[in-house]
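**Student:** Okay, here's what each chain looks like letter by letter:
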Amino acid sequence: MTLNVLIVDDSGVMRAMIRRTLSLCGIPLGEVYEAANGVEALEQLGEHWVDLALLDVNMPVMDGEELLTRIRASEEWRALAVIIVSTESSDTRLARLRAHGVEIVHKPFTPEQLRNTILEVTGLTHAAASNDISVPSGDFDF
Amino acid sequence: MQQPATTSLCQAATSTFESLALLFPELGSVEGAEFLPLAATVSVAFRGAGEGRVVVGVTAGILSALAENMLGAAAAPDVQVQRDALGELANVVTGNVLPLINGAKAVYRLDAPIDAGDAPFGARAGEVRQAFTRLQMDEGEALLAIFSLGETVAAPASSASALVGA
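Order-wise, the sequence lines are chains D and F.
Just so we're aligned, residue -14 is where the first sequence starts under the working numbering, counting upward by one.
Just so we're aligned, residue 3 is where the second sequence starts under the working numbering, counting upward by one.
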């Protein structure tokens, strides 16, 4: 099984970092789509099948909380596996997000944290993913 | 001895440099110190439970190391990528330092990082510099500051006393 993943973050650097982490951490990836805000994410969801969405919270145009509300209100996407990847630390806001049945990965995160959370929310086993974080020779991980 | 806002800034910045960019800072002196020339500075404005901005400046060696460690060697030479990487680091520092100062109930909204402009570590009209710190790494050094509009970063009275004089 491979996962189609949607990365939603207004920072191109963070989208690239998450994409790089996904490629290094042994998750069986299918297509990886990107969006810079909630509106773009909804457009991507209208065009592609997605198994997992990684959402930032603070974004212009439409933030991650509103996007999540719309996803959960959608007949087609209400069961989508969602992980919030954010610096958000407000108990109030995190409680509202968790009420939508999401897991939260706090920035800065390690590849292991992201990988383990993905395995948890998707139901993939460690056996389905490769066991090691793969770092290309001469390259740094973060 | 450092005051709480500066301690919080050091803690959030050190953790972010280490986890996000695999750079391992040590606290440097700011009293009477001569600073290395900065290659780039960015500012992240925040509003909500308090209003102000966090400024991060880094030397050239740190700037290129950020891009390389965050995005890979192929991306490192691109000047815009380097600045974007610094912006993301500043964004994560800001998101992490505010709850350390004001507690986890406060809600903030962060603006996108922007160039900090001239005199990046000087307070503008109406601002108070709440914290200023210097982190030294093998690759160079970073300066960080928190500016608030008004006396403190914090809105809650219970935490405001911890910031005065920081």
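FYI, nobody ran anything at the bench for these hints, they're computed from the structure.
Please note that a few of the clues may not be correct.
[As the list claims (entries may be wrong)] Reference excerpt, derived from the structure (chain F facing chain D, CB under 7 Å, subset only):
id, residue
1, 18
2, 21
3, 35
4, 38
5, 40
6, 41
7, 72
8, 90
9, 94
10, 97
11, 98
12, 106
13, 109
[Unchecked claim] Just the calculated beta-carbon pair ranges, DEER-fashion:
id, chain 1, residue 1, chain 2, residue 2, range
14, D, 64, F, 113, 31 to 37 Å
15, F, 49, D, 64, 34 to 40 Å
16, D, 63, F, 33, 34 to 40 Å
17, D, 85, F, 116, 30 to 36 Å
For clarity, every value in this text was computed on a predicted model and none was experimentally measured.
Ideal Cβ placement from N, Cα and C applies to all residues, glycine included.
**Student:** Determine for every hint whether it applies to the structure shown.
**Tutor:** Each hint, compared with the structure:
For residue 18 of chain F, the interface hint holds, the least distance from its beta-carbon to any beta-carbon of chain D being 5 Å, beneath 7 Å. A hinted interface residue such as residue 21 of chain F counts as satisfied when its beta carbon comes closer than 7 Å to some beta carbon of chain D; here the least separation is about 4 Å, so the hint holds. Because the smallest distance between the Cβ of residue 35 of chain F and any Cβ of chain D comes to about 27 Å, over 7 Å, the interface hint for this residue is violated. Given the 7 Å rule on beta carbons, the hint for residue 38 of chain F is violated: about 23 Å separates it from the nearest Cβ of chain D.
Interface hint status for residue 40 of chain F: violated, as the beta-carbon distance to the closest one in chain D is roughly 19 Å, over 7 Å. A least Cβ separation of about 17 Å between residue 41 of chain F and chain D goes past the 7 Å threshold, and the interface hint is therefore violated. Against a cut-off of 7 Å between C-beta atoms, the interface hint on residue 72 of chain F holds, since the closest Cβ of chain D lies about 6 Å away. Interface hint at residue 90 of chain F: satisfied, since its Cβ lies 4 Å from the closest Cβ of chain D, which is below the 7 Å cut-off.
Contact between residue 94 of chain F and chain D, as hinted, is supported at the beta carbon level, the nearest pair being about 5 Å apart and thus within 7 Å. Proximity of residue 97 of chain F to chain D holds as hinted, the smallest CB-CB distance being about 2 Å (cut-off 7 Å). For the restraint placing residue 98 of chain F at the interface with chain D, the shortest Cβ-Cβ distance is roughly 6 Å, inside the 7 Å limit, so the hint holds. A cut of 7 Å between beta carbons decides the hint on residue 106 of chain F: the least distance to chain D is about 4 Å, and the hint holds.
A hinted interface residue such as residue 109 of chain F counts as satisfied when its beta carbon comes closer than 7 Å to some beta carbon of chain D; here the least separation is about 4 Å, so the hint holds. At about 34 Å, the beta-carbon gap between residue 64 of chain D and residue 113 of chain F stays in the expected band of 31 to 37 Å. Range check, residue 49 of chain F to residue 64 of chain D: about 35 Å between beta-carbon atoms, so the 34 to 40 Å window is met. Distance hint check: the CB atoms of residue 63 of chain D and residue 33 of chain F are about 57 Å apart, inconsistent with the given range 34 to 40 Å.
Here the CB-CB span from residue 85 of chain D to residue 116 of chain F is close to 31 Å, well matched to the stated 30 to 36 Å.
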